[in-house]
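Trainee: Chain residues, written in single-letter form:
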Amino acid sequence: ELKVEQNPLFLSMQEGKNYTIYCNYSTTSDRLYWYRQDPGKSLESLFVLLSNGAVKQEGRLMASLDTKARLSTLHITAAVHDLSATYFCAVDGPGTASKLTFGTGTRLQVTL
Amino acid sequence: NAGVTQTPKFQVLKTGQSMTLQCAQDMNHEYMSWYRQDPGMGLRLIHYSVGAGITDQGEVPNGYNVSRSTTEDFPLRLLSAAPSQTSVYFCASRTGTGVYGYTFGSGTRLTVV
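Sequence lines, in order, name chains A and B. No gaps in the numbering here: position 90 of the first sequence is 768 in my numbering, and each next residue is one more. No gaps in the numbering here: position 9 of the second sequence is 12 in my numbering, and each next residue is one more.
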């Protein structure tokens, strides 16, 4: 059974600071995803990581994937208040489609 | 493109009632799936489909039924609603390659009293 663990569950950080969210998964997977969710809203796709060593960046967010360690990171650079949201990583099951397993999410609060 | 459309957005049911949550996508995506989101538990997979006529169970399928008669539609049926099914339900779809990830609908907030 595929398990996905995220940490931390809650992160309070000051504007301008850097931090990293970690996502570990238990079995081989073809794809790893990062999503953002604002309160009461749906999930917004941030990154799709398809191969070992993949690194993607969008603004102040950078995601990377190490398939050997079964680890993905979401790095936040110089946080701003607009980044406050809950961030989820999710993994497709090995050799299967349409079966996402989600982490429990990291609630990020950026304070002034 | 409307993307993934879910209806209704809100619903209150009495215990024992049945209902269907609708999900439609206009992107010709092969893969569709249903998730429920409960506080502190992330999203959990209920049922999924890899194409018209093909469905399978996810992590928490009990009390739910699905069918996929067309590529566009993937309705979720609650057979006899229970308070434990109070949750937010999301439908998602993606192409076969998965390069662009999953697109999620706006969600249905269901309360069972």
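It is worth saying that the hints were derived from the structure and are not from the lab. Incorrect hints may have been included.
Said to hold, decoys possible - Now the in silico label distances, taken between C-beta atoms and shown as ranges:
hint, chain 1, residue 1, chain 2, residue 2, range
1, B, PRO64, A, THR789, 25 to 35 Å
2, B, LYS12, A, ASN696, 34 to 44 Å
3, B, THR114, A, LEU687, 43 to 53 Å
4, B, LYS12, A, GLY694, 31 to 41 Å
5, A, LYS746, B, LEU82, 40 to 50 Å
6, A, GLU736, B, LYS12, 21 to 31 Å
7, A, THR698, B, ALA55, 23 to 33 Å
8, A, HIS753, B, LYS17, 22 to 32 Å
9, B, VAL15, A, GLN692, 17 to 27 Å
10, A, ASN696, B, GLN60, 16 to 26 Å
11, A, GLN692, B, GLN25, 25 to 35 Å
12, A, ASN696, B, PRO86, 40 to 50 Å
13, B, ARG80, A, LYS746, 41 to 51 Å
14, B, LEU82, A, ARG738, 41 to 51 Å
Claimed, not checked - Output of the computed footprint for chain A on chain B, the stretches with three or more beta carbons under 8 Å from beta carbons of chain A:
hint, stretch
15, 83-89
16, 103-116
C-beta atoms are modelled at their ideal positions from N, C-alpha and C, and glycine is treated no differently.
Trainee: Take the C-beta atom of A:HIS753 and the C-beta atom of B:LYS17, compute their distance, and say whether it sits inside 22 to 32 Å.
Mentor: violated (47 Å)
Trainee: Regarding B:LEU82 and A:ARG738, is the given constraint of 41 to 51 Å on their beta-carbon distance met?
Mentor: Roughly 45 Å apart at Cβ, these two residues keep to the hinted range, so it holds.
Trainee: Looking only at beta-carbon atoms, does the pair A:ASN696, B:GLN60 fall within the given range of 16 to 26 Å?
Mentor: 42 Å Cβ-Cβ, so the 16 to 26 Å window is violated.
Trainee: Does the Cβ distance between A:THR698 and B:ALA55 fall inside 23 to 33 Å?
Mentor: violated (42 Å)
Trainee: Does the beta carbon distance between B:LYS12 and A:ASN696 stay inside 34 to 44 Å, or does it fall outside?
Mentor: Between B:LYS12 and A:ASN696, where Cβ atoms are some 37 Å apart, the hint holds.
Trainee: Report holds or violated for chain A covering the stretch 83-89 of chain B, Cβ cut-off 8 Å, minimum 3 residues.
Mentor: With 0 residues close enough to chain A, the hint is violated.
Trainee: Starting from the range 25 to 35 Å, see whether the pair B:PRO64 and A:THR789 falls in it by beta-carbon distance.
Mentor: violated (41 Å)
Trainee: Looking only at beta-carbon atoms, does the pair A:GLU736, B:LYS12 fall within the given range of 21 to 31 Å?
Mentor: holds (29 Å)
Trainee: Could one say that the CB atoms of B:LYS12 and A:GLY694 fall in the range 31 to 41 Å?
Mentor: Holds, since B:LYS12 and A:GLY694 (Cβ atoms, about 37 Å apart) stay within the stated range.
Trainee: Mind checking the hinted window 43 to 53 Å against the Cβ distance between B:THR114 and A:LEU687?
Mentor: violated (26 Å)
Trainee: At the C-beta level, are A:LYS746 and B:LEU82 separated by a distance inside 40 to 50 Å?
Mentor: holds (44 Å)
Trainee: I want to verify a distance hint. Is the separation of the beta carbons of A:GLN692 and B:GLN25 within 25 to 35 Å?
Mentor: Because 44 Å falls outside the window, the suggested range is violated.
Hint compliance for this structure: hints 1, 3, 7, 8, 9, 10, 11, 15 are broken, all remaining hints hold.
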